[in-house]
Amino acid sequence: MTKLNETIARLFSQKTFQTVIRYLLMILFALLMFGLILLISGKDPLACYKDIFSSTLGSAYGFSEVIVSMIPMLLTALAVALPFKVGLINIGGEGQLFIGAAFATFGALTFSYLPIWLLLPIMALLGMLGGALWAFIPGYLKSIGLVNETITSLLLNSVAPKIVGFLILGFWHSPRDTVKTPNFVDAARLPTFFRTRIHLGLLIGLVLLVIFWYVMKYTRWGLEMRAIGSNPQAAKRNGIPLARYLVIVMCLGGAVAGLGGMVQVSGFYGTLFPNFSMSLGYMGFMICWLAGGDALGIVLMAFVVSVIYSGGNLLQLTQGLPYAVINILLAFTLFIVLARPNFFKGKRT
Amino acid sequence: MTLLPILGVLSSAIFSGTSLLYTTLGEVIDERAGIVNLGLEGVLLVSASSGFAVTYLSGNPYLGVLVSVLAGGLMNMILGYFIINRKSNQLASGLALMFFGFGLSALIGKPFVGQKIHSLTRYLFPGTKDLPLLYTSMFKFDILIFLVIPMAVFIWWLLYRTRWGLGLRAVGENADTAYASGRNPHMIRYQALFVGGMLVGLGAAHLSIAYTMNWTENMTAGRGFIAVALVIFSKWHPLRAIVGALVFSGAVAFQLLLQSSGVQVSSYLLDTIPYILTLIVLIAWGGNRRHSAPAMLGRVYQGSE
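From first to last, the protein sequence lines stand for chains A and B.
For the first sequence, counting from 1, position 249 maps to 249 in my numbering; every step adds exactly one.
For the second sequence, counting from 1, position 261 maps to 261 in my numbering; every step adds exactly one.
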């Protein structure tokens, strides 16, 4: 009996076990808070959670939809994680996503006669170019020590959607509809798998995350980037070309976000319209922050956020709640992670 | 073109600029204390929806304004808990607050979509009584519009001519030094957030109760981010915020004027003017310490408890 007690005690003292319990408690707490809000607004929280669960993890189709909505988040989160390693705060994922999508759409509409194996890479390259150009502005201004990249990338977030709106209304709109482009030709659509809406973008996102993890951990570039991130002055004294790194890494981040835009218009919508993003860029920032810029963490957090968002769709249908209400559950999840409660010790981690 | 459409455009610019200026003033106070509030959009939405709901239920728009103001202050208290007590990242906490506001305002406002309310009483602008009826309708403003410029001056006085304002700005520049000189940075930041939130609430109240007089989901349409840009444009100064708000509403008015006179300019491109101007201003002033942001802006005060 004492032996069993000891085993249990040892189990509880294990760090991984504590972490798991801690995260489970945090999720439970967020669910409880949201349940309270549902209760106040006269809904049955248990029925709501049953709906969310059955529509996301409870069926193969639901699960595939979660994966689908996760794809762009992987890319916009990586677009934040990469510059973060050299100490840059790229909050401009939203704008880079928009410009990337616009560049890719330009490719899809202009070269629609090309075969798929040529058209898709062209669109992807254009998307990355667009995002990189949009990130170059804050990156360059930061590297010459003029303006903080947080402020500039935030400002440019508000400009990009308006440029996209201008392009659609002025040049690209379909004959029947002035607020969106014509549907892309089949050659401009990313292939989908398993008769679901999961598309090639998933592979792109995961591969890029693996490359990111590998480069940061095992290459000279990764080492130099981490050196810049922890102490830019020391890195500069050691002969690391600081300004060049800042610009290039920021542009790479922008390119990834731009690719996210391309993936979303080519893989998911097959057309471009002004508010196609639904805050994906900001969501990416949150996910990256919650994951601490870690590749595996990004996948996990993006999955959690996607479950919440996909569940919100059904809540709207079955419970008559506005779709936006699901943002409350998302916010509670974010709040609870931001507050970093520790259920085991009195002090914060 | 006659005078009438020009006046009409100016009048609507004043209406749309007022809520923007209140919001910008609120963010100026937050940022002067070293806090970037990216949740502004969410705060605006919750204030606007709750103020509208109370106005509809009670029939008293002034009660609605009061509730809006309190809601704004309380929303900012949530942010305060995370970035002051829990020392979380400011940008991430702000964005979380924004998502919270999206959801909460949709829930609060749902029963009131499409409802009509009694708006704030509109008073004739002094000295325009003798104008023809068609014109006087352009010069009728509610009390919040009359109060917005005095409010900006008041905030300037508060920040630059009182001990409280000095302490607040000190915390925004260097919280450790402020602490060493006997001030409590945590308390001051909370106070700044509450006052700032109340101002944002006023802006939201003007938007939903006085100007549009209805509630639609996500009705603020990016005003929170415009206000963040305007704070930078006005170099964190309440009086220059007036100029900033004028430039922005001027751009909107200009756009309406062009359209009414038949000139085809994309409204999308005109919408980017305030942001591009802010960017140019940033580049022009960049690197110059006199024009720089509060030094502690966006940084977590680790503090000595």
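No lab work stands behind these hints, which were simulated from the structure alone.
No experiment lies behind these values; they were computed from the predicted model shown.
Worth double-checking, as some hints may not be accurate.
[Stated by the list, open to error] Distance windows between CB atoms, simulated: (1) A:234 with B:62: 54 to 64 Å; (2) A:230 with B:184: 54 to 64 Å; (3) B:222 with A:171: 15 to 25 Å; (4) A:236 with B:181: 31 to 41 Å; (5) B:269 with A:109: 40 to 50 Å; (6) B:239 with A:53: 53 to 63 Å; (7) A:28 with B:222: 27 to 37 Å; (8) B:187 with A:194: 54 to 64 Å; (9) A:169 with B:181: 31 to 41 Å.
Note that beta-carbon positions come from the ideal geometry of N, C-alpha and C, so glycine has one too.
Note to self: Please list, smallest to largest, the hint numbers that this structure does not respect.
What the structure shows: 2, 5, 9
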